[in-house]
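**Student:** Based on the sequences and whatever the hints tell you, model everything.
Just so you know, the working numbering puts 13 at position 13 of the sequence shown, and the rest follows in order with no gaps.
Since the hints were derived computationally from the structure, they do not count as laboratory data.
Any given hint might turn out to be false.
With a straight-line cut-off of 20 Å between C-alpha atoms, the simulated DMTMM-like cross-links for lysine to aspartate or glutamate are [said to hold, decoys possible]: (1) K26 - E50; (2) K41 - D63; (3) K41 - D6.
Distance windows between CB atoms, simulated [to be verified]: (4) N33 - D6: 18 to 28 Å; (5) D6 - G54: 31 to 41 Å; (6) P37 - D6: 19 to 29 Å; (7) G42 - Y21: 15 to 25 Å; (8) G7 - M40: 25 to 35 Å; (9) M17 - L38: 15 to 25 Å.
Backbone N, C-alpha and C define an ideal beta-carbon position, used for all residues, glycine too.
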Amino acid sequence: RATSIDGRIYVTNSSGMSGTYLALAKDIYIELNEAYPLEMKGLHDIYLPELHTGRPINIDYVDDRI
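**Tutor:** See the structure below:
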């Protein structure tokens with residue numbers, strides 16, 4: 001399932017710029033693709049700070065989440 005009951009979507013491979021695209025988009029189209037395994041859920045964190053202060057993101061270990 002690509003979406004959760006509460007409306008969250010889970011990105012697959014191309015998450016790097018997804019937050020920026022969504023923030024700047026006039027319209028958003030979501031492709032639901034069931035070819036990816038459910039284990040990819042939670043693989044990515046997308047972080048968009050309001051201001052780019054240069055402060056580090058608090059991720060120290062591979063299993064840390066934002």
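**Student:** Hint by hint, note whether the structure agrees.
**Tutor:** Taking the hints in turn, this is what the structure says about them:
1. Between the alpha carbons of K26 and E50 the distance comes to roughly 19 Å, so the proposed pair stays at or under 20 Å and holds.
2. At roughly 13 Å between alpha-carbon atoms, K41 and D63 fall within 20 Å of each other, so this suggested pair holds.
3. About 15 Å separates the Cα atoms of K41 and D6, which keeps this hinted pair within 20 Å; it holds.
4. The supplied range of 18 to 28 Å is met by N33 and D6, whose beta-carbon atoms lie about 20 Å from each other.
5. Separated by about 34 Å at the C-beta atoms, D6 and G54 satisfy the suggested range of 31 to 41 Å.
6. At roughly 21 Å, the beta carbons of P37 and D6 sit within the given window of 19 to 29 Å.
7. For G42 and Y21, the hinted distance range of 15 to 25 Å is satisfied, since their beta carbons lie about 20 Å from each other.
8. Taking the beta carbon of each, G7 and M40 are about 18 Å apart, not inside 25 to 35 Å as hinted.
9. Between M17 and L38 the beta carbons are some 23 Å apart, a value that agrees with the proposed interval 15 to 25 Å.
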